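In order, the protein sequences belong to chains A and B. Letter 5 of the first sequence, counting from 1, is numbered 5 in the numbering used here, and no numbers are missing. Letter 287 of the second sequence, counting from 1, is numbered 287 in the numbering used here, and no numbers are missing.
Hint data in this document are derived by calculation from the structure and do not stem from the laboratory. Here the structure is a predicted model, which is why all the values come from computation and not from measurement. The beta carbon of each residue, even a glycine, is placed where N, CA and C say it ideally should be. You may find that some hints are simply not true.
Listed next, the in silico SDA-like pairs over lysine to any residue satisfying Cα-Cα at most 20 angstroms (straight line) [unchecked claim]:
{"hint": "1", "chain 1": "B", "residue 1": "K8", "chain 2": "A", "residue 2": "V23"}
{"hint": "2", "chain 1": "B", "residue 1": "K8", "chain 2": "A", "residue 2": "L22"}
{"hint": "3", "chain 1": "B", "residue 1": "K214", "chain 2": "B", "residue 2": "W284"}
{"hint": "4", "chain 1": "B", "residue 1": "K8", "chain 2": "A", "residue 2": "D21"}
One side of the interface only, derived from the structure: several residues of chain B facing chain A at Cβ under 7 angstroms [as the list claims (entries may be wrong)]:
{"hint": "5", "residue": "F11"}
{"hint": "6", "residue": "L13"}
{"hint": "7", "residue": "F17"}
{"hint": "8", "residue": "A20"}
{"hint": "9", "residue": "L21"}
{"hint": "10", "residue": "E41"}
{"hint": "11", "residue": "V42"}
{"hint": "12", "residue": "L46"}
{"hint": "13", "residue": "V49"}
{"hint": "14", "residue": "Y79"}
{"hint": "15", "residue": "E82"}
{"hint": "16", "residue": "L86"}
{"hint": "17", "residue": "G383"}
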Amino acid sequence: MKKSIKKHKKLFYITIRRMGDLVGLLLLLAAILFALRGFG
Amino acid sequence: MMKYSYRKGFFWLLFYFVLALVPLLIAVAVTRPEYRGFALEVGVGLGFVGLGILGLQFLFSGRISQIAPSFGMDNILQYHREMGILAFLFILAHPVIIILADSDFLRYFDPGENLPRALALIFVTIALIVLTASSIWRLKFGLSYENWRLVHGVLSLGILFVGVSHSWQVAHYLDPLWKRIILVGIFAFYGYLVFHTRLVRPWLSRKKPWKVAKVNPERDNCWTLHLVPVGHKGMDFKCGQFIWITLGPNPFALQQHPFSITSACDQPEITITAKELGDFTATWKDIEPGTKAFLEGPFGSFTPVKGKNLFLVMGGIGITPAMSMLRTMQKQQDQRETILIYANPRWEEVTFREELEEIQQDIDLKVIHVLEEPPEGWEGEEGLVNTELLERNFPEKPGDFAFYICGPKPMQDAAELSLRDLGIDWRLIYSERFKII
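With the rest of the complex left out, here is chain B (with noise of 0.2 angstroms):
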């Protein structure tokens, strides 16, 4: 059974579209607003269709589990991220077009005339470029995740504050009181969802807590934490899933950060496996055993496709989905076929390297390692991930196989478009990003 379809994906493009349009057709409902000329006109639809966009971008950040399973965690990212652009420019197109329509509006960014209106008019100008700005370039501005976290969340509530706000006080469009009063209990509801992800979950996540058993070192300078439920039977996840963590003893910690699951599903401890890369993963060499964790998810859909064989294309620590899939598989006998291309610079850095022997012995497992810089007498792979060696390693009946992918970006895009090139399906391929902050 597939999990991504045409029907699945156009009933919820058709459903954001309608949500989107809510406050526009809140506006022309029933009684219709005085009309002002054309062009201040698309200068109003465009505020209402950006406040629109920027509501739903609450609601598809991501952590909205329902949702992820039909497209994927990271197509649901990359769709908030363009939306957040689109939001981005049609709200500031708002305030541009109407002055040119009517330089008379310039007056509502004076602070002569009303401080608080002008106030808040110029901080969502300001906020929502940071906003945008802060998100597209993260690294190039040396924001920490913890601290882009913070500013993401705090603007955007600002924002949609003042969006309301705005519409309210504006009032021309939104009378009588009940358009008001919906818009508002609409925004509202859109506002909670991040209370939720910010607060409530993490309020409930204190009432299952983990704990670190123990931190084993893997090779390429990755590092394993073990983690034990207490007091709780722990989580029911899919291998190929990822939780969000937060280490230490407040649930409400602002560092929390995404890691796919390790270990077999059906069991109690879970294990997550991350290389020393950021400022978070560097310390997990340090981490003490009893260290509090806090786990939220499962979230994904990288996950196998019942019937179907499965064919991996995986780079560096980017294997650590698949570990969890071929752990699960040797754990229940799972006999289907499976092709392992994993991709690595050196045979010393490959992870899970002897694991992975063991586990072709238990199941119908063939692994093709594929080094950029082979030690000498390599017979195997070596090179980049591209379509000639997919081709090589390619299954005689690539319609009874999924494909799945994860590594480094430039691995990832290469083989999404060797496996387009070689003729399969879109529907057919997983890919999991988490570089998208």
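Next comes chain A alone, as it looks inside the complex (with noise of 0.2 angstroms):
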């Protein structure tokens, strides 16, 4: 049951349910993009 959940958790992981964690992480990368301009 517990590698069925992990198989579980990972399917979901790319589905809308998780894309929270992808969109925070694409802000989180805009962010320092924005503070590395200075470097540009």
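Take the two lone chains and join them into the complex the hints point to.
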């Protein structure tokens, strides 16, 4: 069952329910890019 | 035709991402603000992104009916919750990183230097913590739903107001003036959405009142409210959808709760059924016929898919959206193959069980009762919903079915997991969770 839950979570990670994490990561990258503009 | 799709999901996420970036994009548009070092700029960047997410929380709050059908209401609320935590982290990281980069910025919190600014920033810091903690642990704090709603709305608006004012005052990144005006314009729109939900919608709903025609007891301490429209035609809804109801003469009351419609569609009377669980539902049995009610909705995409048979996994009072589907199918003589797995603790607590037997006579419905504590001599399914149980009762051609789950959280988790293990595409699994807050 534990293995199954892990698989389930992994699958859900790439579905809408977990997309918040991906969007958050991209937004964090955007903030870092913003901070890197001085090096451009 | 499928309602959930990767394409739609991708479109909305891209749309969300771009909108969340708007404050940051405004900051770097046309004129570039003077660069002040990497660490400080990361702190500022997180502040802008956090503000962007915060504004979008008002749009993705689950009350904008145009957005919900692409995902399902519970997914939107789940997303709202996740993004709220993210905004909380980003916004709190904003002062921490800036102060670590240059401790001179601590003076922003110094009441001696600028009292309104210090008070506003201290307010935002505390308000953010209260807002997030009260949403995650509302029940642990013993906060009633009404009070939580009030706190959530007031604090959200307060944080938004201070956030935008702070960006305006600092001005370093939002100079010239047009940048500030655009930012304020966008956030004024987000703020308006709260105003619209809490004031405009109730104002409009007061022209379309309803009244309680009768209150019927059901099995397992459940009560059904029969609501009839007063002076209007009623509400167009799809079976499986839900409404927000306010009971009493005042449409602006904070007491507003979501309930699945249990009646068939295409009829003026609407029924909702609830179990005596919370403060609100405990009062239902004492509601007098003739009591005024205001309904908002319909909401939700937990509705039958055209051309697909139905596999319903329902637990306890989670049966309510399925009742609307089944009653509608019975009324319309819809002969799609339907399998209902209905889990309950005990036989005497199976709400609507007599009516389900009647519906079985009229449409192609197979009801499989699952009891945790079956009576002596019970020959049906027993225990909890799990993969083996679903597999035993699975349709021969699962590809012809859409799958619906509604019930207590443990059952819902188990059923979702089991359906995935049985190879069902997530886009064919519809689940409705109301216990988000």
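A quick look at each hint next to the structure:
The hinted pair formed by K8 of chain B and V23 of chain A meets the criterion: a straight-line CA distance of about 15 angstroms does not exceed 20 angstroms. Among the hinted pairs, K8 of chain B with L22 of chain A is consistent with the structure: their alpha-carbon atoms are about 16 angstroms apart, no more than 20 angstroms. Of the supplied pair hints, the one linking K214 of chain B and W284 of chain B holds, its CA atoms being roughly 11 angstroms apart against a limit of 20 angstroms. For the suggested pair K8 of chain B and D21 of chain A, the alpha carbons sit about 18 angstroms apart, so the restraint of at most 20 angstroms is met.
The closest approach between the C-beta of F11 of chain B and any C-beta of chain A is roughly 12 angstroms, which is over the 7 angstroms cut-off, so the hint fails. Restraint check, L13 of chain B versus chain A: the minimum CB separation of about 5 angstroms is within 7 angstroms; hint holds. Of the supplied interface hints, the one on F17 of chain B holds, with its beta-carbon coming within about 6 angstroms of a beta-carbon of chain A, less than 7 angstroms. This hint holds: A20 of chain B has a C-beta 6 angstroms from the nearest C-beta of chain A, less than the 7 angstroms allowed.
The interface hint given for L21 of chain B holds, since its Cβ lies 6 angstroms from the closest Cβ of chain A, which is under the 7 angstroms cut-off. The beta carbon of E41 of chain B is positioned within 7 angstroms of a beta carbon in chain A (closest approach about 4 angstroms), and the interface hint is therefore held. This hint holds: V42 of chain B has a C-beta 4 angstroms from the nearest C-beta of chain A, less than the 7 angstroms allowed. Satisfaction of the interface hint for L46 of chain B is found here, the shortest Cβ-Cβ separation to chain A being roughly 5 angstroms, below the 7 angstroms cut-off.
Here the hint on V49 of chain B is kept, as its CB sits about 5 angstroms from the closest CB of chain A, short of 7 angstroms. This hint holds: Y79 of chain B has a C-beta 5 angstroms from the nearest C-beta of chain A, less than the 7 angstroms allowed. A distance limit of 7 angstroms between C-beta atoms decides the matter here; for E82 of chain B the minimum to chain A is near 3 angstroms, and the interface restraint holds. Contact between L86 of chain B and chain A, as hinted, is supported at the beta carbon level, the nearest pair being about 4 angstroms apart and thus within 7 angstroms.
Because the smallest distance between the Cβ of G383 of chain B and any Cβ of chain A comes to about 14 angstroms, over 7 angstroms, the interface hint for this residue is violated.
Checked against the numbered hints above, the structure violates hints 5, 17; every other hint is satisfied.
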